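Engineer: Letter by letter, the chains look like this.
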Amino acid sequence: MIRDIVVIGGGASGLAASISAKKRNKDVLLIEREESLGGILNQCIHNGFGLEVFKEEYTGPEYAHKFIEEFMDLKIDYLVNTTVIKLDKNNDDFIITLSSKELGIRNITARSVIISSGCYERTRGQISMPGDRPNGVITAGSAQRYLNINGYMVGKKVFILGSGDIGLIMARRMYLEGAEVLGVAEIMPYSNGLNRNIVQCLNDFDIPLYLSHTVTNVEADEDKRLSAITIQQVDERFNPIPNTEKHFEVDTLLLSIGLIPDITLLDDLYVEVDPKTKSAKINQAYETSVKGLFICGNSLQVHDLVDNVSKESSRAGLSASDYLDGLVTNRKKIAINPGKNILYVAPQYLDFGWVEKDLLVSYRSSKKIEKALVKVYQGEKLIYQKRRAFIVPAEMETLTFSYLELDQNQDIMIEIEEV
Amino acid sequence: MAKEFICIVCPRGCRVIVDDQGSISGNQCKRGEIYVKNEMTNPTRILTTTVKTIFPEIPRASVKTDQPIPKGLLMKAMEEINKIVIDKEMNIGDIVIEHILNTNANIVLTKEIKRKEERK
Chain A
828 MIRDIVVIGG GASGLAASIS AKKRNKDVLL IEREESLGGI LNQCIHNGFG LEVFKEEYTG
888 PEYAHKFIEE FMDLKIDYLV NTTVIKLDKN NDDFIITLSS KELGIRNITA RSVIISSGCY
948 ERTRGQISMP GDRPNGVITA GSAQRYLNIN GYMVGKKVFI LGSGDIGLIM ARRMYLEGAE
1008 VLGVAEIMPY SNGLNRNIVQ CLNDFDIPLY LSHTVTNVEA DEDKRLSAIT IQQVDERFNP
1068 IPNTEKHFEV DTLLLSIGLI PDITLLDDLY VEVDPKTKSA KINQAYETSV KGLFICGNSL
1128 QVHDLVDNVS KESSRAGLSA SDYLDGLVTN RKKIAINPGK NILYVAPQYL DFGWVEKDLL
1188 VSYRSSKKIE KALVKVYQGE KLIYQKRRAF IVPAEMETLT FSYLELDQNQ DIMIEIEEV
Chain B
125 MAKEFICIVC PRGCRVIVDD QGSISGNQCK RGEIYVKNEM TNPTRILTTT VKTIFPEIPR
185 ASVKTDQPIP KGLLMKAMEE INKIVIDKEM NIGDIVIEHI LNTNANIVLT KEIKRKEERK
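As they're listed, the protein sequences go chains A and B. Here the first sequence is numbered in the numbering used here, starting from 828 and rising by one per residue. Here the second sequence is numbered in the numbering used here, starting from 125 and rising by one per residue.
No lab work stands behind these hints, which were simulated from the structure alone. Be careful, since some hints might not be right.
One side only, chain A facing chain B, incomplete, derived with CB under 8 Å [said to hold, decoys possible]:
#: 1; residue: I872
#: 2; residue: H873
#: 3; residue: P888
#: 4; residue: H892
#: 5; residue: N977
#: 6; residue: M980
#: 7; residue: V981
#: 8; residue: R1023
#: 9; residue: D1031
#: 10; residue: D1033
#: 11; residue: F1217
All of these numbers come straight from a predicted model, not from anything done at the bench. Positions of the beta carbon are idealized from the N, C-alpha and C atoms, including for glycine.
Whole structure, please, built from the sequences with the hints as guidance.
Structural biologist: What follows is the structure, given as structure tokens:
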């Protein structure tokens, strides 16, 4: 049996993609490696989810539950406790190799695949952190899982490196559960977390935030447990400044130092990758350089709001459906390039073979811009512009315009002008 | 002593100063003033945490206050919530503690507690 669509990953992204494809009467199989659906939302017990999709503020598990209910009502096929270990092509079809206790190792064939495998956390190795290698240095997301799902505190005296939202949320969470949270260090001169989290996770509990600081030493005791860390101020080039050392006796160092899209499954396919997003390059239909292979959610680009993951993935599900219906013809693509003050754009290509008339582009700025003019050029010609106030790298931006009138032979470029 | 707030109403994040006489400055719109007045007089927060269960496959279930409670009661509320052990199947929204610490807020489940074999 050949499946229409196999969706890999059952978090916010995979659920939304499966639902939209199933509503177009496609035969969908979703594969999830954990015991239950919902992905990272299950451990994100704080509130603030769903304001855009449901106009209400939910916690992570509640938000996931809404989608899981709809998923179950549509009677979509799914496997849990099942890991996809290989993804390959056979002519136009995809061969998905999966592994589970119940099924053993098995191949499934599908006409199209949607990757919704989320992202993973950077670890200390990726930032070459100096010092000993003790127990007690752990990523914030892992600590969050131990605490919120399994019910274990990973430590009692905690320091946090990185001021991304997960780090801030965990500072509050550990504090509420009785840990002493000694501080948060951020190498940048500003926090990458939302203001709301700075206020409600740090300021509410008088947890200090050390901007332009990083960890420069890690010390172990004789049992190879973390005993202390040293932080130091850094200069504009991120070099530690001598004589600014601060010493903290801690048993836990939580790392919240960035998320990277998980695209390990693409290794065996010839997928074009964007070094800026660290994920596959896509066209406006969320299709990678391999026809019929789609990618969305945090495995495409790391989002700050789950609402945007759901909306994006829902569109990816519709794209896969259009592809299967043979609606994509006369493919011809141009590049969408990031210009001045732009960190990245997605999609990176516009393919004129797809039926949509509007082009939705996600982007992030490379710095904080108070008054911005976002401009889209094709060659010398300005084809779209809009004003925006307060663009920051921590918040993903989008713009939408029609591509019916565009020249099909010339690339386009997006830039932000400071005004 | 003057007190500084970061307004969280919009992404702008104004630094708002309240001086000894209680006059407010630094906010770029009216909403900032309302936010800071509220933070000065009666700051409230939604509390989210977990409770224990007797079920080994779901050792913890997530809960929240169904409305904001005074900021000063957060740690006391944690103490009350940490006394709870769930010993039966329950649904999202079911009340675990009514009127916690004599506020109007209830502690409600944000995750359903269903044993594995009974899940659909």
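Engineer: Does each hint hold? Answer for all of them.
Structural biologist: Hints, one by one, checked against the model:
no. : hint  : verdict
1   : I872  : holds, 4 Å
2   : H873  : holds, 5 Å
3   : P888  : holds, 4 Å
4   : H892  : holds, 6 Å
5   : N977  : holds, 6 Å
6   : M980  : violated, 12 Å
7   : V981  : violated, 14 Å
8   : R1023 : holds, 4 Å
9   : D1031 : holds, 7 Å
10  : D1033 : violated, 12 Å
11  : F1217 : holds, 5 Å
The structure shown violates the earlier hints numbered 6, 7 and 10.
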